[in-house]
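Generate coordinates for the entire structure from the input sequences, incorporating the hints supplied.
Protein chains in written order, with the numbering used here: chain A, 1 to 284; chain B, 1 to 317; chain C, 1 to 505.
Accuracy of the hints is not assured; some may be wrong.
The calculated SDA-like cross-link candidates involving lysine to any residue, where the alpha carbons are at most 20 Å apart (straight line), are [to be verified]:
| hint | chain 1 | residue 1 | chain 2 | residue 2 |
| --- | --- | --- | --- | --- |
| 1 | C | Lys395 | B | Ala38 |
| 2 | B | Lys50 | C | Gly125 |
| 3 | B | Lys87 | C | Lys176 |
| 4 | C | Lys75 | C | Ala208 |
| 5 | B | Lys81 | C | Ala193 |
| 6 | B | Lys81 | C | Ala177 |
| 7 | B | Lys50 | C | Ala208 |
From chain C, some residues computed to sit far from chain B (all C-beta separations above 10 Å) [said to hold, decoys possible]:
| hint | residue |
| --- | --- |
| 8 | Gly32 |
| 9 | Pro117 |
| 10 | Gly234 |
| 11 | Ala385 |
| 12 | Lys428 |
DEER-style ranges, computed between Cβ atoms [claimed, not checked]:
| hint | chain 1 | residue 1 | chain 2 | residue 2 | range |
| --- | --- | --- | --- | --- | --- |
| 13 | C | Ser80 | A | Met46 | 24 to 32 Å |
| 14 | B | Glu47 | C | Lys112 | 14 to 22 Å |
| 15 | A | Gly53 | C | Ala457 | 28 to 36 Å |
| 16 | B | Gly105 | A | Pro14 | 36 to 44 Å |
| 17 | C | Asp66 | B | Leu137 | 37 to 45 Å |
| 18 | A | Ser143 | C | Thr171 | 42 to 50 Å |
| 19 | A | Leu135 | B | Leu8 | 35 to 43 Å |
| 20 | C | Ala372 | B | Leu16 | 15 to 23 Å |
| 21 | C | Asp482 | B | Leu180 | 52 to 60 Å |
| 22 | C | Gln295 | B | Leu180 | 33 to 41 Å |
| 23 | B | Leu297 | C | Gly169 | 43 to 51 Å |
Think of the hints as simulated: they come from the structure by calculation, not from any bench.
In this text, all values refer to a predicted model and were calculated from it rather than measured experimentally.
Glycine included, each C-beta is placed from N, C-alpha and C at the ideal position.
So you can see what is in the structure, the chains are spelled out below.
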Amino acid sequence: MTAIPVTGRWQRTPVAFRLGAAMLAVHVVLAVFGPWIAPYPQAMMMTGPPVQGFSLAHPFGTDQLGRDIWSRVLAGGWIVITLSISGTVIGMALGAAIGLISGTIGGRIDEVLMRLTEAVLAIPFLIFALLIVSLAGPGLQGSPVLLIGVVAAVYLPRIARMARAAATDIVTRDYVLAARLRGEGTWSIARREVLPNASGVLLVEFAVRAGYAPVLIGTMGFLGFGLRPPTPEWGLMMAEYRNLMTAQPMAVFGPGLMLASLVIGLGFFTEGLSAMLGKRGSLR
Amino acid sequence: MSFLHLILTRIAASTLTLVLVSMIIFGAVQGLPGDAAARILGREASETAKDRLRQEMNLDAPLVRRYLDWAGGVLQGDLGKSFSGQKPVTEQLLPRLKNTLALAGIALLLYVPLSILPAMMQARHPDRRLDRTLSALTVLILSTPEFLFATLLLFGLAVWLPLFPPIVQLSSGMGWGAWLHALFLPSLTLAILMATYGTRLLRESLIEILQSDHVLLAELKGLSESRILWRHVLPNALIPWMNATALNVAFMIGGVVVVEKVFGFPGFGSMLVDALQMRDLPVISAGVLVAATLFVLANLAADLGALLVNPRLRVKS
Amino acid sequence: MKRTLLGSVLALTLTATHGSAAECLRVIGTEGGGPAVTLDPAFNNLNDDSYQQNLVFNKLVNLDADYQPIPELAKAWSVSEDGKTWTFELEQGVTFHDGKPLTAADVVWSFKRLIDPATGSPGAGLLGFLDPAGIVAVDDHTVTFTTKDVVAELPLLISNKYTMIVQDGATSEVLKATGIGTGPFIQDVYDLAQDTRVFQRNPNYWRAGLPIAACIDLKVITEEVSRIAAIQSGSVDLIVSAGPATVTTLGGDARVKVVPAAAAGGYINLSMQTDQQPFDDVRVRQAMKAVVDRQLVVDTVLLGNGVPGNDTPIAPTNPMALTAETMPRDVAKARALLAEAGYPDGITVDLNTAEAGPSYVLLAQVYQQMAAEAGITVNVVNNPADSYFDVIWMKTPFFVSSWNGRSVPEALAYTFLSDAEYNEGNWKNADYDELVIDARTEVDPAKRAEMVKQAQAILAADGGLIIPVFFTDVAVLRAGCDGFVPHPSASILNYETLTCADRAN
Numbered sequence: 001m002t003a004i005p006v007t008g009r010w011q012r013t014p015v016a017f018r019l020g021a022a023m024l025a026v027h028v029v030l031a032v033f034g035p036w037i038a039p040y041p042q043a044m045m046m047t048g049p050p051v052q053g054f055s056l057a058h059p060f061g062t063d064q065l066g067r068d069i070w071s072r073v074l075a076g077g078w079i080v081i082t083l084s085i086s087g088t089v090i091g092m093a094l095g096a097a098i099g100l101i102s103g104t105i106g107g108r109i110d111e112v113l114m115r116l117t118e119a120v121l122a123i124p125f126l127i128f129a130l131l132i133v134s135l136a137g138p139g140l141q142g143s144p145v146l147l148i149g150v151v152a153a154v155y156l157p158r159i160a161r162m163a164r165a166a167a168t169d170i171v172t173r174d175y176v177l178a179a180r181l182r183g184e185g186t187w188s189i190a191r192r193e194v195l196p197n198a199s200g201v202l203l204v205e206f207a208v209r210a211g212y213a214p215v216l217i218g219t220m221g222f223l224g225f226g227l228r229p230p231t232p233e234w235g236l237m238m239a240e241y242r243n244l245m246t247a248q249p250m251a252v253f254g255p256g257l258m259l260a261s262l263v264i265g266l267g268f269f270t271e272g273l274s275a276m277l278g279k280r281g282s283l284r
Numbered sequence: 001m002s003f004l005h006l007i008l009t010r011i012a013a014s015t016l017t018l019v020l021v022s023m024i025i026f027g028a029v030q031g032l033p034g035d036a037a038a039r040i041l042g043r044e045a046s047e048t049a050k051d052r053l054r055q056e057m058n059l060d061a062p063l064v065r066r067y068l069d070w071a072g073g074v075l076q077g078d079l080g081k082s083f084s085g086q087k088p089v090t091e092q093l094l095p096r097l098k099n100t101l102a103l104a105g106i107a108l109l110l111y112v113p114l115s116i117l118p119a120m121m122q123a124r125h126p127d128r129r130l131d132r133t134l135s136a137l138t139v140l141i142l143s144t145p146e147f148l149f150a151t152l153l154l155f156g157l158a159v160w161l162p163l164f165p166p167i168v169q170l171s172s173g174m175g176w177g178a179w180l181h182a183l184f185l186p187s188l189t190l191a192i193l194m195a196t197y198g199t200r201l202l203r204e205s206l207i208e209i210l211q212s213d214h215v216l217l218a219e220l221k222g223l224s225e226s227r228i229l230w231r232h233v234l235p236n237a238l239i240p241w242m243n244a245t246a247l248n249v250a251f252m253i254g255g256v257v258v259v260e261k262v263f264g265f266p267g268f269g270s271m272l273v274d275a276l277q278m279r280d281l282p283v284i285s286a287g288v289l290v291a292a293t294l295f296v297l298a299n300l301a302a303d304l305g306a307l308l309v310n311p312r313l314r315v316k317s
Numbered sequence: 001m002k003r004t005l006l007g008s009v010l011a012l013t014l015t016a017t018h019g020s021a022a023e024c025l026r027v028i029g030t031e032g033g034g035p036a037v038t039l040d041p042a043f044n045n046l047n048d049d050s051y052q053q054n055l056v057f058n059k060l061v062n063l064d065a066d067y068q069p070i071p072e073l074a075k076a077w078s079v080s081e082d083g084k085t086w087t088f089e090l091e092q093g094v095t096f097h098d099g100k101p102l103t104a105a106d107v108v109w110s111f112k113r114l115i116d117p118a119t120g121s122p123g124a125g126l127l128g129f130l131d132p133a134g135i136v137a138v139d140d141h142t143v144t145f146t147t148k149d150v151v152a153e154l155p156l157l158i159s160n161k162y163t164m165i166v167q168d169g170a171t172s173e174v175l176k177a178t179g180i181g182t183g184p185f186i187q188d189v190y191d192l193a194q195d196t197r198v199f200q201r202n203p204n205y206w207r208a209g210l211p212i213a214a215c216i217d218l219k220v221i222t223e224e225v226s227r228i229a230a231i232q233s234g235s236v237d238l239i240v241s242a243g244p245a246t247v248t249t250l251g252g253d254a255r256v257k258v259v260p261a262a263a264a265g266g267y268i269n270l271s272m273q274t275d276q277q278p279f280d281d282v283r284v285r286q287a288m289k290a291v292v293d294r295q296l297v298v299d300t301v302l303l304g305n306g307v308p309g310n311d312t313p314i315a316p317t318n319p320m321a322l323t324a325e326t327m328p329r330d331v332a333k334a335r336a337l338l339a340e341a342g343y344p345d346g347i348t349v350d351l352n353t354a355e356a357g358p359s360y361v362l363l364a365q366v367y368q369q370m371a372a373e374a375g376i377t378v379n380v381v382n383n384p385a386d387s388y389f390d391v392i393w394m395k396t397p398f399f400v401s402s403w404n405g406r407s408v409p410e411a412l413a414y415t416f417l418s419d420a421e422y423n424e425g426n427w428k429n430a431d432y433d434e435l436v437i438d439a440r441t442e443v444d445p446a447k448r449a450e451m452v453k454q455a456q457a458i459l460a461a462d463g464g465l466i467i468p469v470f471f472t473d474v475a476v477l478r479a480g481c482d483g484f485v486p487h488p489s490a491s492i493l494n495y496e497t498l499t500c501a502d503r504a505n
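What follows is the structure in structure tokens.
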């Protein structure tokens with residue numbers, strides 16, 4: 001199995017992959033150029049009367065302070081994407097490193113690491129996330145850095161377990177035995193033989209995790225443990241505007257649609273990717 | 001080795017996990033910053049009252065000593081005394097846990113058909129309209145934050161279509177019918193949230209098995225489609241589904257926090273979040289430990305269930 | 001076809017149990033106390049405590065919507081010639097829920113317990129003028145309060161949220177979970193773990209024919225959306241206090257009745273600590289006040305549910321207020337004041353806030369925008385809500401806070417006297433203290449009103465608090481229910497006349 005078929009011709013890729021890639025591209029463009037596209041500065045008050053529904057001037061309406069919700073949504077895109085991706089990347093990198101090495105080494109260290117992983121996994125992830133935020137203390141609470149850390153910490157043990165499973169499978173293969181016979185060290189085997197062969201699974205896993213990260217961040221905001229207003233993060237905006245849900249539904253559904261399309265785009269992308277790689281990942 | 005030996009090994013491993021969990025939790029909880037007395041009593045509380053509460057809490061003994069005391073207590077069913085309620089934690093926790101287990105139980109019952117039936121319908125004719133629609137719906141629910149989904153169901157089935165009470169009010173004299181009626185909506189919410197994962201996974205396993213040789217053989221033998229699906233394909237897809245269900249239980253223990261908040265349900269999850277915010281350390285430690293225990297038990301059950309369903313696993317291990 | 005059939009069968013079976021026979025009135029509170037909630041009036045700190053204590057207890061004297069004293073357990077009162085001894089005559093035939101009659105000894109115990117430092121009640125500070133030896137039971141139905149100095153408005157001052165009457169000898173340990181009072185409802189099911197609190201009608205209530213409701217089921221729902229859904233679906237009867245979003249959402253909905261309080265009561269404020277830079281300069285404080293567009297704050301933060309304030313704790317709708325006019329916004333003046341104070345290029349300040357109270361975060365954001373035009377750069381620091389009152393409040397130079405409505409003398413003293421426990425601005429002004437304290441001993445109402453206004457003038461010009469708005473408390477009743485009007489002070493709730501046509505009465 002080749003690791004990543006990046007060179008595969010575009011036309012031959014699955015439809016889902018192309019659709020997903022296109023949706024993601026739109027999101028990235030909006031996230032980067034959002035502030036220039038936005039009709040108003042995101043924090044500007046009284047751009048219209050407070051709590052107004054759809055109008056041409058305000059496609060997502062206005063909030064209690066008369067801010068334009070469409071402008072806020074545009075301003076929030078890069079936050080959602082940056083937090084989700086960086087949190088997932090960190091969790092992924094550390095988790096994969098621990099899992100792959102543990103699986104390659106085997107023996108007692110592997111046993112201890114995996115017991116610890118199991119123990120952490122036994123704590124429901126939302127409660128685990130809330131515990132981390134509480135432990136960080138008031139100084140850090142609500143900061144984006146902490147949220148990235150939380151996403152990473154939640155994903156780390158899950159990815160470590162998965163990577164280890166892949167590694168223990170791979171180390172029994174002939175080419176690894178051959179490498180051992182050639183006298184290659186454990187570290188070198190993990191890096192040269194195990195990692196490339198596990199990267200397909202890990203890539204799919206990455207896309208799935210990155211798609212759930214913004215949902216997790218939004219839920220944390222709902223419970224009062226996440227980012228805090230006036231940060232225009234979508235999940236947080238939905239939480240912040242939920243009181244107005246029946247009076248001004250677009251305040252909630254506007255950011256909701258954006259978040260859903262991002263996650264769905266990632267989902268399609270993943271589906272296409274896994275079809276190309278012949279592997280699939282599970283979301284949790 | 002023998003089947004019994006296998007089971008005992010699993011149980012021993014689970015116990016070890018739980019001991020580790022208890023250490024992690026206790027250490028983490030003791031490290032929580034913030035003045036519990038000030039948080040519990042509110043801003044207009046007098047210094048006298050706060051000092052009195054701080055004395056009650058007794059946080060002076062060394063850490064290891066306190067851990068051993070606590071763990072010893074836990075083994076004897078004593079989870080300590082709640083800071084905020086000034087009562088044994090068990091008195092506060094058990095009724096809440098009972099409620100949440102009831103909620104989760106109903107949710108699990110609903111989850112079984114909600115995850116199996118759509119997957120069967122989808123796998124039967126993959127990539128047709130029904131399959132596409134259900135897949136799209138699944139992904140849409142997956143990408144909606146839980147609190148929003150719960151709120152939408154709340155307005156949908158309690159306000160616009162007033163089938164169920166919007167908030168859960170439990171009372172002791174409540175009949176079974178009323179009780180079930182009160183719990184149905186939050187349970188349904190939880191079940192749907194869980195089912196989206198189960199369905200996705202089950203659909204893929206079903207399709208994979210449908211394409212395998214022995215199914216083709218069955219088709220050649222002229223067995224009816226539904227017979228093949230129910231008798232041959234489904235049982236084989238159940239093991240990954242059961243593992244997913246065990247993982248879902250872990251999600252449920254977390255996700256229940258959100259559902260309980262939206263439906264005003266007097267449950268274990270909302271108690272845990274309140275305790276975290278008030279720094280009610282004994283309640284937090286006990287609550288997280290109970291949650292972890294439930295998870296470990298669910299996994300153990302899934303493991304043992306897999307052994308029972310598929311005897312080949314017994315030999316393999 | 002199959003699905004609709006199934007749906008209707010489901011609907012039939014399920015709605016059958018809905019709204020059937022006699023049920024309790026369902027009352028929903030908005031601020032939860034969790035397991036810390038108490039029935040002890042001496043610790044009536046949280047709104048959740050107030051929701052339930054007002055069901056089971058009475059006060060000696062209560063306050064009407066204008067904060068004027070009205071008789072409750074005391075049917076009449078009088079003051080001696082020298083103004084130092086007040087005599088309260090108790091209602092006859094009042095009994096506690098356990099059947100014991102109310103006597104003067106219960107009243108004496110209630111107040112002595114409250115001011116006893118060993119009790120540790122936050123209410124003690126409000127009753128500093130009382131002397132334990134001066135609280136005397138003259139006979140079974142007469143109590144006198146004798147003070148060292150003249151206390152002109154004593155009946156009003158002994159009525160605050162902590163001064164509910166408990167039984168002689170009742171202690172905090174017992175009262176925490178057992179509320180035996182003389183109130184309109186009797187504690188029945190009280191299971192905090194199950195979140196179930198049921199109170200039954202007091203059949204021997206001393207006010208004939210009251211209360212109307214047979215029983216009340218009290219529950220707190222902290223989620224605003226869930227409260228909206230609950231009242232819209234008709235499964236709850238009363239939300240005692242609703243936020244601006246609820247009022248906007250439910251306005252014009254025939255399924256509910258929105259009932260505002262007779263007057264605006266509490267306020268949300270920005271507190272500048274006057275002993276911290278740059279707020280130690282009165283010109284900076286005045287500039288910070290001048291940038292506020294008070295009406296805009298009412299329109300946005302409160303969505304119209306309130307009135308503009310003028311940096312004093314008395315709402316402009318109150319006859320004792322400094323002025324009924326709204327202080328205009330003056331950006332040029334603010335700039336000039338800042339330049340005079342040595343900040344010609346403007347200043348930068350951190351404003352601390354949190355979702356620890358309703359609209360705190362919104363107010364901070366609005367202020368940030370208004371101040372920017374005058375060259376004041378406000379960094380909004382949004383803190384965690386759970387530790388706000390522990391770590392940020394009164395411990396940082398500039399923060400958001402709020403207070404429930406109070407009577408005039410209490411409001412002027414509680415957070416503004418130099419030695420006040422909650423002196424949010426760390427503001428010390430001898431002239432102000434003197435006026436407020438002297439006003440207490442002034443017997444002539446006209447002169448007293450004049451002193452109160454003078455004190456407010458000093459406060460508005462010199463004090464550390466920006467009080468841009470007073471909010472109007474709003475209750476929401478289900479259509480078919482009636483008889484509940486929110487009091488301007490959220491800690492006073494009267495359930496006596498609450499009734500629903502289709503519930504047990």
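Each hint, compared with the structure:
Of the supplied pair hints, the one linking Lys395(C) and Ala38(B) holds, its CA atoms being roughly 14 Å apart against a limit of 20 Å. Of the pairs offered as hints, the one joining Lys50(B) and Gly125(C) holds, with about 16 Å between alpha carbons and a cut-off of 20 Å not exceeded. At most 20 Å may separate the alpha-carbon atoms for a hinted pair to count; Lys87(B) and Lys176(C) meet this at roughly 12 Å. Between Lys75(C) and Ala208(C), the direct Cα distance comes to roughly 15 Å. Compliance with the 20 Å bound is thereby established for this hinted pair.
A hinted pair counts as satisfied when its Cα atoms are at most 20 Å apart, and Lys81(B) with Ala193(C) qualifies at roughly 14 Å. Taking the CA atoms of Lys81(B) and Ala177(C), the gap is about 17 Å. The hint holds against a cut of 20 Å. Simply put, Lys50(B) and Ala208(C) have alpha-carbon atoms about 42 Å apart, too far for the 20 Å limit, and the pair is violated. Residue-level check failed: Gly32(C) sits 8 Å from the nearest beta carbon of chain B, not beyond 10 Å.
Taking the minimum C-beta to C-beta distance to chain B, about 7 Å, the non-interface status of Pro117(C) is violated against the 10 Å cut. With 10 Å as the threshold on Cβ separation, the claim that Gly234(C) sits away from chain B is violated: the shortest Cβ distance comes to roughly 7 Å. With a least beta-carbon separation of about 8 Å from chain B, Ala385(C) fails to lie farther than 10 Å from that chain, contradicting its non-interface assignment. With a cut of 10 Å on Cβ distances, Lys428(C) stays outside the contact zone with chain B, its closest approach being about 21 Å.
Hint check: Ser80(C) to Met46(A), Cβ distance near 58 Å, so the stated range 24 to 32 Å is violated. Our hint of 14 to 22 Å for Glu47(B) and Lys112(C) holds, since their Cβ atoms are close to 21 Å apart. Between Gly53(A) and Ala457(C) the C-beta distance comes to about 45 Å, which lies outside the given range of 28 to 36 Å. The hint said 36 to 44 Å for the Cβ distance between Gly105(B) and Pro14(A), and at roughly 41 Å that hint holds.
Asp66(C) and Leu137(B) have their C-beta atoms about 57 Å apart, which leaves the hinted 37 to 45 Å range violated. With their beta carbons about 46 Å apart, Ser143(A) and Thr171(C) fall inside the hinted range of 42 to 50 Å. At about 36 Å, the beta-carbon gap between Leu135(A) and Leu8(B) stays in the expected band of 35 to 43 Å. Taking 15 to 23 Å as the suggested C-beta distance range, the pair Ala372(C) and Leu16(B) does not conform, at roughly 59 Å.
Roughly 33 Å separates the CB atoms of Asp482(C) and Leu180(B), a value that falls outside the hinted 52 to 60 Å. Distance hint check: the CB atoms of Gln295(C) and Leu180(B) are about 52 Å apart, inconsistent with the given range 33 to 41 Å. Range check, Leu297(B) to Gly169(C): about 50 Å between beta-carbon atoms, so the 43 to 51 Å window is met.
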